[in-house]
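**Student:** Counting in the numbering used here, the final residue of the sequence shown is number 566, and the numbers go up one at a time with none missing.
If you're looking for bench data, these hints aren't it; they were derived computationally from the structure. Any given hint could turn out to be false.
Claimed, not checked - Cut-off 27 Å, straight-line C-alpha distance, at most; resulting in silico cross-link-like pairs (DSS-like, lysine-lysine):
hint : residue 1 : residue 2
1    : 492       : 360
2    : 518       : 360
3    : 360       : 516
4    : 492       : 558
What the hints assert, rightly or not - Quick list of the computed label-pair ranges, beta carbon to beta carbon:
hint : residue 1 : residue 2 : range
5    : 360       : 311       : 27 to 33 Å
6    : 286       : 489       : 32 to 38 Å
7    : 284       : 515       : 24 to 30 Å
8    : 515       : 315       : 46 to 52 Å
9    : 478       : 311       : 33 to 39 Å
10   : 262       : 559       : 40 to 46 Å
11   : 503       : 288       : 33 to 39 Å
12   : 455       : 480       : 18 to 24 Å
13   : 284       : 251       : 15 to 21 Å
14   : 314       : 399       : 28 to 34 Å
15   : 466       : 496       : 18 to 24 Å
16   : 319       : 515       : 45 to 51 Å
17   : 259       : 319       : 22 to 28 Å
Note that CB positions come from ideal geometry on N, CA and C, so glycine has one too.
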Amino acid sequence: MAMQEIGTGLWVERLHELWQQAVEGGPSLPWDLQGTLLCGLELNHLETLRYLHQERPSFEAFKAWVFALNGEYLTEAALEHLDAALSEAEVASPIGSLDDVSGLSEDDLSHWDEHGYVVVKQVVSAEDAEAAELAIYAHLEMDRDDPESWYSEKLGHTIWVPLLRHPVVRANRFAPRVVKAFAQLWGREDLWATVDQTGLNPPERPGWRFPGPHLHWDTTLAEPRYLGIQGILYLAETEAAQGAFCCVPGFHKQLDAWLEALPQGVDPRAEALRTLKAKPIAAGRGDLVLWHQSLPHGSSPNRATRPRVVQYMSMRPTKWAYNAEWR
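Please take these sequences and the hints and turn them into a complete structure.
**Tutor:** In structure tokens form, the structure reads like this:
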């Protein structure tokens with residue numbers, strides 16, 4: 240959509256408020272509203288705030304930046320869908336009807352309830368998973384079959400890869416079985432896909448040791464705590480020892496009692512890292528691991544012979560319950 244065709248919908252008003260918040264110190268947008276706005280415009284949260292704080296653009300320049308990144312996807316229909324959501328109208332899933340899409344089984348749902356995570360098999364095809372895997376290698380200027388190339392300066396000492404907008408990476412976010420799984424766990428279909436990073440965790444070797452992330456939470460531990468669902472898509476077969484995602488199964492049911500039992504003054508995040516034992520989750524190419532945000536989780540050292548290559552993803556409803564107090 241050309242800039243001159245951009246209307247004055249509610250999304251423009253909310254985008255202006257976000258710009259004012261970051262550049263002029265205006266009032267903060269509610270966290271859920273900000274999330275829906277950014278997801279609807281297919282913007283990464285950190286990338287957007289970094290741009291606003293570092294560049295301090297005019298509002299017109301900010302809009303131009305948004306459309307330079309994502310204009311091909313910000314169609315009139317997409318912006319009308321976002322406007323409807325921001326006006327608190329009921330909206331459908333981002334891909335339409337999910338009625339005929341294969342979803343989580345009763346066993347999957349029971350596993351989620353008991354353990355706080357679930358592995359959803361083959362949510363994307365092996366071909367699409369491999370295409371995303373190869374896109375990550377290409378972005379990093381690596382050769383999948385050349386171990387010496389896996390430690391390039393372009394990756395650095397991290398497992399995060401900021402490949403946000405490759406077409407197959409984007410397509411995976413909206414794969415029908417991905418959307419269906421999130422919809423079942425949220426119990427609603429008005430979902431918005433976050434624009435998250437990809438990752439490559441190479442085998443450890445002298446001079447390159449696992450940098451983390453170690454066991455942690457991405458959410459507050461203050462009460463009340465609410466549902467949040469995080470996900471990681473395995474783009475290649477991943478063994479337990481291959482730097483797999485790890486978590487503490489069932490801890491979403493133990494967290495209250497565990498926090499209550501901590502001696503006063505003990506940092507729960509440091510204590511979790513020191514005392515809790517995480518389980519690595521092996522899975523196949525195209526499998527999606529979903530977990531409750533109350534589970535301590537992280538990555539793990541890769542002691543196998545091939546990198547772990549993944550795509551991070553999450554979906555959230557238009558409005559959701561959250562606690563702004565950080566603990």
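**Student:** Given the range 33 to 39 Å, decide if the beta-carbon distance of residue 503 to residue 288 lies inside it.
**Tutor:** holds (35 Å)
**Student:** Do the Cβ positions of residue 360 and residue 311 conform to the proposed distance bound of 27 to 33 Å?
**Tutor:** For residue 311 against residue 360, whose Cβ atoms are near 32 Å apart, the range 27 to 33 Å holds.
**Student:** Sort out whether residue 516 lies within 27 Å of residue 360, counting only the CA atoms.
**Tutor:** Distance ~25 Å between residue 360 and residue 516 Cα, so the pair holds.
**Student:** Against the range 15 to 21 Å, how does the distance between the Cβ atoms of residue 284 and residue 251 compare: consistent or not?
**Tutor:** holds (19 Å)
**Student:** Are residue 518 and residue 360 close enough, with their CA atoms no more than 27 Å apart?
**Tutor:** holds (19 Å)
**Student:** Falls inside 18 to 24 Å, the C-beta gap from residue 466 to residue 496?
**Tutor:** holds (19 Å)
**Student:** Take the C-alpha atoms of residue 492 and residue 558, compute the straight-line distance between them, and say whether it is at most 27 Å.
**Tutor:** holds (24 Å)
**Student:** Determine whether the Cβ-Cβ distance between residue 286 and residue 489 falls within the hinted range of 32 to 38 Å.
**Tutor:** holds (34 Å)
**Student:** Against the range 40 to 46 Å, how does the distance between the Cβ atoms of residue 262 and residue 559 compare: consistent or not?
**Tutor:** Distance hint for residue 262, residue 559 is violated at roughly 27 Å.
**Student:** Note whether the CB distance of residue 284 and residue 515 lies within 24 to 30 Å or breaks it.
**Tutor:** At roughly 28 Å between Cβ atoms, residue 515 and residue 284 fall inside 24 to 30 Å, so the hint holds.
**Student:** Hint says 22 to 28 Å; check whether the CB-CB distance for residue 259 and residue 319 agrees.
**Tutor:** Once the Cβ atoms are compared, 24 Å apart, the range 22 to 28 Å for residue 319 and residue 259 holds.
**Student:** Just to be sure I understand the hint, the distance between the Cβ atoms of residue 455 and residue 480 should be within 18 to 24 Å; is that true here?
**Tutor:** holds (21 Å)
Comparing the model with each numbered hint stated earlier shows that hint 10 is the single one that does not hold.
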